[in-house]
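Trainee: Chain by chain, the residues:
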Amino acid sequence: MRAPVRAWLTSLPFRVIVSTFIGSVVIMVLGGFLLVSQASNGILAAKRQSSVQEASTALDRMQQQLRQSNSDSTSIYERLNQLANEVGAQAGQYRIVIQGPVSGYSSVGIDAATVPVALSVSVERGGGMYLAPTTVRFTDPGVPDEPGLVVGSLLYAPSVGESYPVYFIFPEGKEVQTLAVVQQAAATTGALLTIALTAMAGFVTRQVVQPVRRASLAAERLASGHLNERMDVRGTTELASLATSMNNMASEIQRQIGQLEELSRVQQQFVSDVSHELRTPLTTVKMATDLLYDQRDEFDVSAARSAELMHAELERFEGLLGDLLEISRFDAGAAVLTLDETDLANVVRAEVDAQRAFADRQGTRLIVTARGNTGAEIDARRVRRIMRNLITNAIEHGERRPIVITVAGNDQAVAVTVRDHGVGFLPSQNTQVFHRFWRADPSRTRTVGGTGLGLAIALEDAQLHGGWLSAWGRPHQGAQFRLTLPRQHGEILTGSPLPLAPLDLVTGGPSGTVRGEKP
Amino acid sequence: MSEPGRGSRNRILVVDDDVALAEMLQIVLRQEGFDTVWCATGDRALAAFHDVRPDLVLLDLMLPGRDGIDVCRDIRDESDVPIIMLTAKSDTMDVVVGLEAGADDYVSKPFKAKELIARVRTRLRRSTSDTDEAAGVYQIGDISINTQGHKVQRGDSLIQLTPLEFDLLLALARKPRQVFSREVLLEEVWGYRHAADTRLVNVHVQRLRSKVERDPEHPEIVVTVRGIGYRAGEPADALR
Numbered sequence: 001m002r003a004p005v006r007a008w009l010t011s012l013p014f015r016v017i018v019s020t021f022i023g024s025v026v027i028m029v030l031g032g033f034l035l036v037s038q039a040s041n042g043i044l045a046a047k048r049q050s051s052v053q054e055a056s057t058a059l060d061r062m063q064q065q066l067r068q069s070n071s072d073s074t075s076i077y078e079r080l081n082q083l084a085n086e087v088g089a090q091a092g093q094y095r096i097v098i099q100g101p102v103s104g105y106s107s108v109g110i111d112a113a114t115v116p117v118a119l120s121v122s123v124e125r126g127g128g129m130y131l132a133p134t135t136v137r138f139t140d141p142g143v144p145d146e147p148g149l150v151v152g153s154l155l156y157a158p159s160v161g162e163s164y165p166v167y168f169i170f171p172e173g174k175e176v177q178t179l180a181v182v183q184q185a186a187a188t189t190g191a192l193l194t195i196a197l198t199a200m201a202g203f204v205t206r207q208v209v210q211p212v213r214r215a216s217l218a219a220e221r222l223a224s225g226h227l228n229e230r231m232d233v234r235g236t237t238e239l240a241s242l243a244t245s246m247n248n249m250a251s252e253i254q255r256q257i258g259q260l261e262e263l264s265r266v267q268q269q270f271v272s273d274v275s276h277e278l279r280t281p282l283t284t285v286k287m288a289t290d291l292l293y294d295q296r297d298e299f300d301v302s303a304a305r306s307a308e309l310m311h312a313e314l315e316r317f318e319g320l321l322g323d324l325l326e327i328s329r330f331d332a333g334a335a336v337l338t339l340d341e342t343d344l345a346n347v348v349r350a351e352v353d354a355q356r357a358f359a360d361r362q363g364t365r366l367i368v369t370a371r372g373n374t375g376a377e378i379d380a381r382r383v384r385r386i387m388r389n390l391i392t393n394a395i396e397h398g399e400r401r402p403i404v405i406t407v408a409g410n411d412q413a414v415a416v417t418v419r420d421h422g423v424g425f426l427p428s429q430n431t432q433v434f435h436r437f438w439r440a441d442p443s444r445t446r447t448v449g450g451t452g453l454g455l456a457i458a459l460e461d462a463q464l465h466g467g468w469l470s471a472w473g474r475p476h477q478g479a480q481f482r483l484t485l486p487r488q489h490g491e492i493l494t495g496s497p498l499p500l501a502p503l504d505l506v507t508g509g510p511s512g513t514v515r516g517e518k519p
Numbered sequence: 001m002s003e004p005g006r007g008s009r010n011r012i013l014v015v016d017d018d019v020a021l022a023e024m025l026q027i028v029l030r031q032e033g034f035d036t037v038w039c040a041t042g043d044r045a046l047a048a049f050h051d052v053r054p055d056l057v058l059l060d061l062m063l064p065g066r067d068g069i070d071v072c073r074d075i076r077d078e079s080d081v082p083i084i085m086l087t088a089k090s091d092t093m094d095v096v097v098g099l100e101a102g103a104d105d106y107v108s109k110p111f112k113a114k115e116l117i118a119r120v121r122t123r124l125r126r127s128t129s130d131t132d133e134a135a136g137v138y139q140i141g142d143i144s145i146n147t148q149g150h151k152v153q154r155g156d157s158l159i160q161l162t163p164l165e166f167d168l169l170l171a172l173a174r175k176p177r178q179v180f181s182r183e184v185l186l187e188e189v190w191g192y193r194h195a196a197d198t199r200l201v202n203v204h205v206q207r208l209r210s211k212v213e214r215d216p217e218h219p220e221i222v223v224t225v226r227g228i229g230y231r232a233g234e235p236a237d238a239l240r
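Chains as they are written, first to last, in the working numbering: chain A, 1 to 519; chain B, 1 to 240.
Quick caveat, the hints were computed from the structure, so don't treat them as lab data. There's no promise every hint is true.
[Stated by the list, open to error] The calculated DMTMM-like cross-link candidates involving lysine to aspartate or glutamate, where the alpha carbons are at most 25 Å apart (straight line), are:
(1) B:112 with A:140
(2) B:114 with A:308
(3) B:211 with B:187
(4) B:114 with B:188
(5) B:112 with A:290
(6) B:112 with A:261
(7) B:114 with A:60
(8) B:114 with A:277
(9) B:114 with A:323
(10) B:114 with A:297
(11) B:112 with A:60
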């Protein structure tokens, strides 16, 4: 039931074929009906005309004979009987029934009941000729009835001075047979024409639809990146011009994409060149600075301080350059994952240990807890960098309060949260924190020298894994960042083993909204 | 190869087209007690190498004229001298290509002077410390390693290894029961105390295998332990 509806909605050829079929059936039925009815009308009208003519000729002849034979009433019967047999046997075209004064005279084999009562009433009432359709009945029950015409009139016998009704019976068996043949011919022709038309419609739509299908296939292949895909151009029809237009469009798209690719390649090459060109002098400056910095004790106070500042700022500059290059690598789509089955907890611990000295210097305590199976397919270098950025960020904004790092895993994902109890941020800023060079408070100075790109890079790293990096924050209640990574690379995350809102936060307020997952 | 006598200053050939960096490198290296010679182009690098007979080569990968990778191959073809690459790009391909061309180690710009000096000292210590070794013969598979003569043999035929490859093989041979992770090997052979680029290990294991294995596709000397790292193959007499 549904399949035809779907085919009707989706397949143009199906629609055309069904429409053509229904249309031609209607036309054929109407046309056939008209043809058959006209044909039968024509045939029957002609038969009627010729019947009337023949009947009047025969009647005249009988009348004449009856006048000539000047006989009495007894011989009238014989004469009538004779006439009936004479005329009836004559041509076989018609039979005759004469209603005599005492009894009727009929041609051999004809049942007098063939004459309808209504007709005999009309004939007996008054002169003239009457015509009516009837069913011809035969005296022999073995011969089937057949349709026919009855022409009736009065025969005047001058000798007796009486009139006798005479009926000429014209069987129409042949005409009816002809009509049946015509009907059958009309039906057969109609059926054949319907089939032929439907087939033709199918064929024509195929001819039209096939190139359109090819065009849509080609367009789809183009869309899926096969830019060399072209259509065959055959002939000079509209369909060929469709193919030509498609091909022109494809070439144009290919040209433009090529141009964009070239631009992007040039851009990437430029960034790469800049990186190379910047790194060499930076190395020289760095080595020179290191040398001066190591000898700063021998300088006077201002020169020594200058060496220190130069040394510190150069580190910052280097960090910034490194982060910029990393971001440009992401932008160019050149970042590649190096996946390994690794325990996230170990990666986190390693990075926390590496950050511990720095945290101590800043007076911040780092607390790590891990639970569950936290093995996953991850790029350890990138995850360490995410952790480095999250921890650095937490130390910078954590107001020296302890930072809690929690690692957990479930069947499909592993997650780590980094919770600080520092300045926090507005709930509405939970996406802005990942923006490049974004600052919660522009008046706040960067104390630990983050580049402003750390969280942006961390987000890129997480997304490269097919993971989530989400942020939760409330002013003066601190912030929590949560990294969620799929256990198997390529799996789609549907949830995280850890809630985004910090567990330590017991608020009665409507904080449920923060659980919204941010892919 | 004519080793300079012990106690004399190690000579380092600096091949770099950047005048300022080359001068700065030489200042730092001289301050640390090395002799330096500078060559500015790739074309003249091999000739300079012949003239100078350095104990170590610092080689910039991007050079005018002959490319650093080619220079590295030229030198490696005729000498086992330690080569440290200076790379501006830390992108995967350049580093791996450089290592495959025969470089022992690399530092990416911008590097710290101390970092470079540490790398240089590690490589020099390795290549001059043969004589400190207590005499010892180790067996891996069907090859034997003689620490005194710095010799590796399969049967009677000598296998020529660079000092780094020798160190790598020896590290495995000394503890035949141990499986070494790439990180441990980086520390033992390259002297990296923090996790560094494990591609160093991968590439040099490949190079080592191409020299010591009968069939590098099915290694029997340096065996891969999936998910962990490498270990030495069983000594041949232990097999039968």
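Trainee: Give a verdict on every hint.
Mentor: Verification of the hints:
1. B:112 with A:140: violated (132 Å)
2. B:114 with A:308: The hint holds at about 17 Å.
3. B:211 with B:187: holds (23 Å)
4. B:114 with B:188: holds (19 Å)
5. B:112 with A:290: Given that 25 Å is the threshold and the Cα spacing comes to 7 Å, the pair holds.
6. B:112 with A:261: violated (37 Å)
7. B:114 with A:60: Since the Cα atoms of residue 114 of chain B and residue 60 of chain A sit roughly 147 Å apart, the hinted pair is violated (cutoff 25 Å).
8. B:114 with A:277: Judged against 25 Å, a Cα distance of about 22 Å means the pair holds.
9. B:114 with A:323: holds (23 Å)
10. B:114 with A:297: Cα-Cα ~18 Å, so holds.
11. B:112 with A:60: violated (143 Å)
Consistency note: the structure conflicts with the earlier hints numbered 1, 6, 7, 11.
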